[in-house]
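*Asks:* Now for the letters of each chain:
Protein chains: 2
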Amino acid sequence: MVANSVDTNRLYLGVDGGGSKCKAIVVDTTGVVLGTGIGGPANPFHGVEQAMTSIVDSAYLALSDANLPAKLISELVVGMGLAGVNLPSMYEAMLQWQHPFRKLFLTTDLHIACLGAHEGNDGAIMITGTGSCGYSRIDGETTIIGAHGFPHGDIGSGAWLGLQAVTKVLTSLDGLEQDSAMNQTMLKYLNCENDLQLVEMVAKKPASFFAKLAFIVFDAAEQQDPLALSIVEVGASYISNVARSLQLAPPIRMSLIGGLTPKVMAWLAADVKGWLQPPVSPPEMGAVIYAKQQIESEI
Amino acid sequence: MVANSVDTNRLYLGVDGGGSKCKAIVVDTTGVVLGTGIGGPANPFHGVEQAMTSIVDSAYLALSDANLPAKLISELVVGMGLAGVNLPSMYEAMLQWQHPFRKLFLTTDLHIACLGAHEGNDGAIMITGTGSCGYSRIDGETTIIGAHGFPHGDIGSGAWLGLQAVTKVLTSLDGLEQDSAMNQTMLKYLNCENDLQLVEMVAKKPASFFAKLAFIVFDAAEQQDPLALSIVEVGASYISNVARSLQLAPPIRMSLIGGLTPKVMAWLAADVKGWLQPPVSPPEMGAVIYAKQQIESEI
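Residue numbers (this note's numbering), protein chains in the order written: chain A, 1 to 299; chain B, 1 to 299.
The following block holds chain A by itself, in its conformation from the complex:
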């Protein structure tokens, strides 16, 4: 991208840091995206040092993509939303960071996703990707539903769907559930010949592994496979209930975001589907909006 006429006195960096990658954008004061960079995992709960490294990597990559000199990192006003910093210990750990930026405004990945989806206005989001949760911000009041993690939470998420599917497939292969279209699909997808190999394959695997199996559940459910239907219906019902618990009168703006959005959408309750509107901007732009809001509130 071109950077000849950029006012380098005020460059924003918007950072969306999650468990598998960190996305950063460099934005000028008018809101034009000058460059984008993708770094490694940036959930401090899985490693504070790793998160810091990934964030700085993504910032340099975004500057480079914008044809801006690396030394400008010290000029960047950074808005950053990170997974994991809803936990107070992680938030504190990241605040201790002697970061290389001009200013750093830290909040949760949920907050920036909501700001992006509704262009900085009040509203709610439900996220269904590897994990799941609901979030709303109304008159400065935050509500979080879920965001409990794997394997005990994140109902309706990719990891949850995959985990339930593995349980059902193994129970079905044992003859204790009816036969399922998922059985052979999953064995084949994971290059397993039988249940014993499947047990070995899934042992000790993280949420991201199980999330990759979610498409098997949706495909089987679309073919009316009873075991897959029972999983998808529980998951979608949970997400619908999250939406209902976040909804107000008069209705607030509400978006479903995350990698599973197109799949999950189809299974939500009719009332919830009626509330959903597409997100305006992605989370990393929400991070820039957050930084601008914080700067303005400081004046």
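Calculated from the structure, these hints are not laboratory results. Heads up, some of the hints might be wrong.
Note that the list lumps identical chains together, so a pair holds whenever it fits in one copy or between two copies.
Capping the alpha-carbon separation at 27 angstroms, the derived lysine-lysine pairs in DSS-like fashion look like this [claimed, not checked]:
1) Lys204 with Lys21
2) Lys205 with Lys263
3) Lys273 with Lys212
4) Lys188 with Lys212
Could you slot chain B onto chain A? The hints should help.
*Replies:* Relative to chain A, chain B alone:
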């Protein structure tokens, strides 16, 4: 114990190796237990070297407990049942061991538990402890139901019950399930003040952590708490179905074993309860029976 008149030409060691500890007994040819030793974790899936160390530790401790010299380790004819060796890669890894014993006969922890429960005769067992599974051995034919592991399997086990309880408690604290007697009990037991602390507390915890929460579920179910009842009923129904799938006509001898036996027993179906008989001997004695069977079959 006294070992003056022991025939050290033929000493058996029975080993029951699991994920948290390894139990060994030294037994003479008449079946008298001369000494007992407890070593560390011995599931090779969680570390082959650790398993070998724990087994040797438990053997020396059993010899010492029997007032027998440590050098007799090389005279021991060992029957050993290990968790994890149902996986072919783990079985192979343990067979490679340059062990210090006279002879080593390796089989699964399930096999020795079944041999012990039925004094070497044919029969079936269901295990409900940290994990769960069913096993039968009839005319040399083995059937295994479950034994799939955590968090995707082991329905009805302590770890499964605890995991379901954490999910229900977090969903209830979010207002998406009715209030439950488990909510405050679990928060208090884990020294948590709220759901956020609970999320942090349960993150990345192993099966053994969740298994310790099983008593919370049983206590609440006994008080007719609906959320706890829904968990216990699914778990007990699964164990009942495991028993039914192992049962034959005419009925085979069947035992329920493992740390949760007294709790789970109460919730099983009436037909299944009618089949259950107490185990005759513990798994480590089943390991000795296994070694004797193997020696006899070699003659």
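*Asks:* When Cα atoms must be at most 27 angstroms apart, do Lys205 and Lys263 count as within-copy, between-copy, both, or neither?
*Replies:* within (23 angstroms within a copy, 30 angstroms between copies)
*Asks:* As a check of your reading, is Lys188 near Lys212 (CA-CA no more than 27 angstroms) within one copy, between copies, both or neither?
*Replies:* within (14 angstroms within a copy, 36 angstroms between copies)
*Asks:* Indicate which option fits the pair Lys204, Lys21 if close means a Cα-Cα distance not exceeding 27 angstroms: within, between, both or neither.
*Replies:* both (21 angstroms within a copy, 20 angstroms between copies)
*Asks:* Could you place Lys273 and Lys212 in one of the four classes (within, between, both, neither) given a Cα distance threshold of 27 angstroms?
*Replies:* Within one copy only: 25 angstroms inside, 41 angstroms across.
Of the numbered hints given earlier, the model fails none.
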